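*Asks:* The residues making up each chain are set out below.
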Amino acid sequence: MKGPLDAMDACLPSSSCLPKACQGPLKRHADSGDRRLHHLAFHLSPAAHDLWNFLMTEEQRLHDARRDGRFIVGALKDLGTVPILVNAFPKALAFYPDGAWWLPCFKEQSTHLFPVADSLGAGDGFCPVRAMLGAFELGCHFPEPDVMFCSTGAICDDFKAIAQRLVERGHPVHFWEMPHVREAQPQEDAVQLPTGARVPRLLAEVVEDELRRIAGLLEKRTGIVLTDERLQAAIVRSNRVRQWLSMIRASALPSLERLVCEMMAIHYCSDYELCEAVLAQVAEEAVTLRPDERLKPIYWINPVADVRAMNLLEEAGGRLCGSDFMFTHALSRLSESGNPFETLACMALSDPMAGTIRARMKACVSDAMRCGAKGMIVSRIPGASHCAFEAALLSELASLPVLEIEVSSLTDLYEPSLMTRLQAFMEA
Amino acid sequence: MKTIAVLSNEIPDAWLAGQEIHLIRDAACAQRVPVPLRAGMCGYLAFLPALLAEVDGVVLTTCCDQMRRAAEWLNDETRVFLFTVPSTLHQERLLSAEKTRLSRWVEQLPARDCRADSATGNGADAKEQDRQDASSTGTDDRLCVGVLGGHFCGDEQQMRRFFEKRGMRVALWACEGGEQVGSVFQRPNDAFYDALKTKLAQRHLDGLIVVRTTWCDVWRLACVRLREVLPVPVLEWVMDGQGHGQPFPDGASVTRLDAFCELLQMRKGAR
Numbered sequence: 001m002k003g004p005l006d007a008m009d010a011c012l013p014s015s016s017c018l019p020k021a022c023q024g025p026l027k028r029h030a031d032s033g034d035r036r037l038h039h040l041a042f043h044l045s046p047a048a049h050d051l052w053n054f055l056m057t058e059e060q061r062l063h064d065a066r067r068d069g070r071f072i073v074g075a076l077k078d079l080g081t082v083p084i085l086v087n088a089f090p091k092a093l094a095f096y097p098d099g100a101w102w103l104p105c106f107k108e109q110s111t112h113l114f115p116v117a118d119s120l121g122a123g124d125g126f127c128p129v130r131a132m133l134g135a136f137e138l139g140c141h142f143p144e145p146d147v148m149f150c151s152t153g154a155i156c157d158d159f160k161a162i163a164q165r166l167v168e169r170g171h172p173v174h175f176w177e178m179p180h181v182r183e184a185q186p187q188e189d190a191v192q193l194p195t196g197a198r199v200p201r202l203l204a205e206v207v208e209d210e211l212r213r214i215a216g217l218l219e220k221r222t223g224i225v226l227t228d229e230r231l232q233a234a235i236v237r238s239n240r241v242r243q244w245l246s247m248i249r250a251s252a253l254p255s256l257e258r259l260v261c262e263m264m265a266i267h268y269c270s271d272y273e274l275c276e277a278v279l280a281q282v283a284e285e286a287v288t289l290r291p292d293e294r295l296k297p298i299y300w301i302n303p304v305a306d307v308r309a310m311n312l313l314e315e316a317g318g319r320l321c322g323s324d325f326m327f328t329h330a331l332s333r334l335s336e337s338g339n340p341f342e343t344l345a346c347m348a349l350s351d352p353m354a355g356t357i358r359a360r361m362k363a364c365v366s367d368a369m370r371c372g373a374k375g376m377i378v379s380r381i382p383g384a385s386h387c388a389f390e391a392a393l394l395s396e397l398a399s400l401p402v403l404e405i406e407v408s409s410l411t412d413l414y415e416p417s418l419m420t421r422l423q424a425f426m427e428a
Numbered sequence: 001m002k003t004i005a006v007l008s009n010e011i012p013d014a015w016l017a018g019q020e021i022h023l024i025r026d027a028a029c030a031q032r033v034p035v036p037l038r039a040g041m042c043g044y045l046a047f048l049p050a051l052l053a054e055v056d057g058v059v060l061t062t063c064c065d066q067m068r069r070a071a072e073w074l075n076d077e078t079r080v081f082l083f084t085v086p087s088t089l090h091q092e093r094l095l096s097a098e099k100t101r102l103s104r105w106v107e108q109l110p111a112r113d114c115r116a117d118s119a120t121g122n123g124a125d126a127k128e129q130d131r132q133d134a135s136s137t138g139t140d141d142r143l144c145v146g147v148l149g150g151h152f153c154g155d156e157q158q159m160r161r162f163f164e165k166r167g168m169r170v171a172l173w174a175c176e177g178g179e180q181v182g183s184v185f186q187r188p189n190d191a192f193y194d195a196l197k198t199k200l201a202q203r204h205l206d207g208l209i210v211v212r213t214t215w216c217d218v219w220r221l222a223c224v225r226l227r228e229v230l231p232v233p234v235l236e237w238v239m240d241g242q243g244h245g246q247p248f249p250d251g252a253s254v255t256r257l258d259a260f261c262e263l264l265q266m267r268k269g270a271r
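Protein sequence lines, in the order shown, are assigned to chains G and H.
Using our numbering, read the first sequence as starting at 1 and increasing by one per residue.
Using our numbering, read the second sequence as starting at 1 and increasing by one per residue.
These aren't lab readings, by the way, just hints derived from the structure by calculation.
Predicted model only: the values in this text are computed from it and were never measured.
Hints should not be assumed to be uniformly reliable.
Stated by the list, open to error - Partial chain H-side listing against chain G, Cβ under 10 Å, derived:
| hint | residue |
| --- | --- |
| 1 | Ala39 |
| 2 | Gly40 |
| 3 | Thr88 |
| 4 | Arg101 |
| 5 | Arg187 |
| 6 | Pro188 |
| 7 | Ala222 |
| 8 | Arg225 |
As the list claims (entries may be wrong) - Chain H side only, calculated, beta carbon under 7 Å to chain G, not exhaustive:
| hint | residue |
| --- | --- |
| 9 | Arg69 |
| 10 | Gln91 |
| 11 | Ala97 |
| 12 | Thr100 |
To be verified - Derived Cβ-Cβ restraints for the label pairs, each shown as a range:
| hint | chain 1 | residue 1 | chain 2 | residue 2 | range |
| --- | --- | --- | --- | --- | --- |
| 13 | G | Pro143 | H | Glu20 | 58 to 66 Å |
| 14 | H | Val232 | G | Pro25 | 55 to 63 Å |
| 15 | H | Leu89 | G | Ser332 | 30 to 38 Å |
| 16 | H | Val232 | G | Glu342 | 45 to 53 Å |
| 17 | H | Gln158 | G | Met369 | 51 to 59 Å |
| 18 | G | Pro172 | H | Trp15 | 28 to 36 Å |
| 19 | H | Ala53 | G | Ala392 | 16 to 24 Å |
| 20 | H | Arg104 | G | Glu396 | 27 to 35 Å |
| 21 | H | Lys197 | G | Gly125 | 52 to 60 Å |
| 22 | H | Leu89 | G | Ile224 | 23 to 31 Å |
| 23 | H | Ala252 | G | Pro186 | 45 to 53 Å |
Backbone N, C-alpha and C define an ideal beta-carbon position, used for all residues, glycine too.
Assemble the whole structure, with the sequences as input and the hints as a guide.
*Replies:* Below you can see the structure in the form of C-alpha cells.
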C-alpha cells in the first residue's frame with residue numbers, strides 16, 4: 001500500500017535498526033528543505049520508513065563522521081568499486097559526491113547548486129551531475145573529503161569535464177584509468193568478466209594496477225596496511241549487501257523504494273553496517289509482497305534525476321520488474337576467492353557504461369526477458385552524452401515495445417505530457 | 001594505397017609512419033552530405049557516414065564519449081577502428097598495445113576501390129603550407145588569431161581568407177586535424193594549458209577562437225578555463241549547422257566573428 005508523507009510517518013518503526021540520531025518522522029527532512037518528500041507516494045511500512053531515514057540522514061552522518069575523525073574518501077564516477085576498497089580500511093568510509101545530482105530534486109531546486117554550476121560554465125547542456133560542482137563550490141552539503149578518486153577514460157563527457165573543473169576550483173582529485181571495454185580479439189590473451197564477456201587480459205591488468213595504486217595512496221594517508229585478507233573481507237561484506245539486493249530486485253517492492261535500495265549498492269549510503277541492516281529489513285518484508293497484477297511489468301534503463309518518476313510509472317499502470325540504473329556491476333556477486341584486486345578489476349570492467357552500448361542493451365534485453373517484462377523504458381538523462389544512442393539501438397535489439405522519455409530534476413512542469421506518454425505505452 | 005581517415009590529433013602521423021597509406025585528418029564537412037542525427041549527438045557525426053563511404057577505414061578515439069559512441073554507431077567493425085587513448089599519464093603499456101593493434105588493423109584492412117578524395121588530398125598539402133606560413137613568427141604586424149578545439153565543420157581555407165580580409169592572420173590552427181597543442185582530454189590537463197600559453201607567446205596570438213559543437217562538453221568547460229588563464233580574448237564558436245550546403249560562416253557566426261575582430265583591433269589600438 002502506498003501513501004503520502006504523513007501516512008508514511010504513521011509507519012514510524014517502534015524498533016528501528018537505525019541509531020537514535022537517525023530516527024524520527026520523515027517530515028523533519030521535508031521541513032528542513034527536502035521538499036520533494038511532500039510530493040512522493042511511499043511504500044507504507046516500517047522497513048521502508050527506516051530505508052528513507054537512512055537515505056535522508058546521509059549528509060548528517062557524513063558530518064558526524066568528519067567530527068568523529070573518520071577518514072572520508074570521495075569516490076567519483078566508478079559507481080561501486082572504490083568503496084569496497086575503502087571499506088577494507090578501518091575507520092575509513094567512502095561516498096559518491098555524484099549523489100548530489102539528486103539534491104535539486106529533493107530540495108525542489110531551492111538550492112543554488114545549478115545556478116552556481118552555471119556560473120562555473122556547467123550550464124544546462126550538462127547532465128544534472130553538474131549539481132556536484134555547485135555542491136563543492138558552496139561547501140554546504142557533504143564535508144570536503146580527505147581524498148578523492150575519480151575514474152576517467154571510458155566515462156561520459158559530462159563527468160570528464162566536470163571532474164576537471166573541480167580540480168580547477170581547488171579540489172584535488174586522483175584520476176585513475178578506466179579503459180574502454182571491448183571484446184578480446186582471437187589472438188589476445190583474455191579474461192572472462194562476471195558478465196560473461198571475454199576482454200583482453202591487459203585491460204584487467206591496467207585496472208588492477210590502478211586499484212593497487214589507489215590502495216597505496218590510502219595506505220599512505222591512513223597509515224594502515226591493506227592485506228589481501230582485509231580486502232577479501234570487504235568483498236565478502238559487499239556480497240552480503242548484494243544478496244539482500246538480489247532478493248529485493250526479485251520482489252514486488254514498489255518502484256520508488258526499489259530505486260532507493262539499488263542506489264545503496266554503490267556506496268552503502270556511507271555506512272556499510274547500517275546499510276546491511278536496513279536492506280535486510282526491507283528484503284525480509286519485500287519477499288512477502290505480491291505484485292499488483294494490474295500493473296504491467298516494465299524494465300527501466302538509466303537512473304532518474306527526479307525520483308517522482310518512479311511514482312509516475314506506477315500511476316500510469318506500470319511497475320519496475322527489472323532495471324539497469326547504470327551500475328549493474330555493483331549488483332552481482334563477487335568472487336570471494338583468488339586475487340581480490342583482480343576480482344575488483346573485473347568488477348570495474350563489468351561497468352555497463354565502460355563498454356559498448358550494444359553490449360549494454362543486449363544485457364538489458366536479456367535481463368528484461370528473464371524478469372518477464374512487457375516493455376522497456378529508456379529514460380534519457382538531460383545532457384548526458386550516451387543517451388542519444390541508446391533507444392535507437394535498443395529498438396533494433398528488443399522484441400519488446402520500447403519507450404524513450406527524458407526525466408529532468410523536476411518533472412512537475414511537464415508531468416501531464418510525461419504521463420500521457422507513459423499511459424499510452426502501458427495501454428499499448 | 002589505402003585511404004584512412006584518422007580523426008584525432010591524439011594519434012600523430014608518426015604512429016603510422018612506415019605504412020603505405022593516404023592519411024586524411026578531417027571529414028571535410030563542406031564536401032560531405034550530412035545524415036540526420038538524434039538530439040544529443042555531436043553535429044560532426046553527421047558527416048562520418050559519407051566519409052566512411054569514401055575511404056577504406058576510419059580511426060576514432062576514446063578521448064571523447066561522442067566519438068567513442070560514434071565508432072559503434074557507424075556499425076562497421078571491419079572498417080572503423082576505435083583507438084583507446086589513455087586519459088592518464090602513466091599508461092605506456094596500454095598505449096603501446098593500442099599502437100600495435102592499430103598497425104595490425106591497418107595491415108589487415110581491405111583496400112576498396114574507394115573515391116580517395118583527391119580534392120582533400122590536394123587540400124591537405126595547401127593546408128600544411130598555410131599552417132607553416134602562418135606559424136612563422138616573422139615581422140608581419142597583423143593581428144594574429146589562433147583557432148583550436150574540436151572538429152572544424154567548415155572550410156579551413158575559407159576561414160583563413162575571412163581573417164585575411166579583415167587584416168588579420170591565423171597563426172595557429174589547432175582544431176582536430178591541425179597542430180597538436182597538449183591534450184585537453186588528459187586528466188588532469190594542466191599540461192594542455194601550459195602548452196597553449198607557450199604557443200600563445202611563440203605565435204604572438206592576440207586572440208583565440210575555440211571551436212566546438214553543442215554537445216562537446218569537454219571543450220565547453222575548457223573554454224571557460226581558457227578565459228580564466230589566458231591574457232587574450234577567447235571566443236567560443238559553436239559550429240552546429242555548418243558544413244555541406246550551408247553558407248560558411250553562417251550569418252550569426254559572421255556577426256560574432258566580426259565583433260571579435262573588432263575587439264582585437266580595439267585592444268591593439270589601445271596598447
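*Asks:* If a hint holds in the structure, say so; if it doesn't, say that too.
*Replies:* Structure-based check of each hint:
Using the Cβ-Cβ criterion of 10 Å, the hint placing H:Ala39 at the interface with chain G is satisfied: the shortest such distance is roughly 6 Å. With a least beta-carbon distance of about 3 Å to chain G, the hint placing H:Gly40 at the interface is held under the 10 Å criterion. Nearest Cβ of chain G to the Cβ of H:Thr88: about 5 Å, under the 10 Å cut. The hint holds. Given hint, H:Arg101 at the interface with chain G, holds; its Cβ is 8 Å from that chain's nearest Cβ, closer than 10 Å.
Nearest Cβ of chain G to the Cβ of H:Arg187: about 4 Å, under the 10 Å cut. The hint holds. Interface restraint check for H:Pro188: the shortest CB-CB distance to chain G comes to about 5 Å, inside 10 Å, so the restraint holds. Contact between H:Ala222 and chain G, as hinted, is supported at the beta carbon level, the nearest pair being about 8 Å apart and thus within 10 Å. Nearest Cβ of chain G to the Cβ of H:Arg225: about 6 Å, under the 10 Å cut. The hint holds.
Taking 7 Å as the C-beta contact cut-off toward chain G, the hint placing H:Arg69 at the interface holds, the least distance being around 5 Å. The restraint placing H:Gln91 at the interface with chain G holds, with a minimum CB-CB distance near 6 Å, inside the 7 Å limit. Restraint check, H:Ala97 versus chain G: the minimum CB separation of about 6 Å is within 7 Å; hint holds. Hint status for H:Thr100 relative to chain G: violated, with the closest Cβ pair at about 11 Å, above 7 Å.
As the Cβ distance of G:Pro143 to H:Glu20 is approximately 59 Å, the hint placing it in 58 to 66 Å holds. At about 58 Å, the beta-carbon gap between H:Val232 and G:Pro25 stays in the expected band of 55 to 63 Å. Here the CB-CB span from H:Leu89 to G:Ser332 is close to 32 Å, well matched to the stated 30 to 38 Å. In this structure, H:Val232 and G:Glu342 meet the distance hint of 45 to 53 Å, their C-beta atoms being roughly 50 Å apart.
Take H:Gln158 and G:Met369: their Cβ atoms lie about 53 Å apart, and the range 51 to 59 Å holds. A hinted range of 28 to 36 Å for the beta carbons of G:Pro172 and H:Trp15 is consistent with their spacing of about 32 Å. Under the hint 16 to 24 Å, the C-beta atoms of H:Ala53 and G:Ala392, about 20 Å apart, fit the expected range. Checked against the hint of 27 to 35 Å, the C-beta distance between H:Arg104 and G:Glu396 comes to roughly 30 Å, which is consistent with it.
Checked against the given bound of 52 to 60 Å, the beta carbons of H:Lys197 and G:Gly125, roughly 27 Å apart, lie outside it. For the pair H:Leu89 and G:Ile224, the supplied restraint of 23 to 31 Å holds, since their beta-carbon distance comes to about 27 Å. Checking the proposed 45 to 53 Å range against H:Ala252 and G:Pro186 shows it holds: the Cβ atoms sit about 51 Å from each other.
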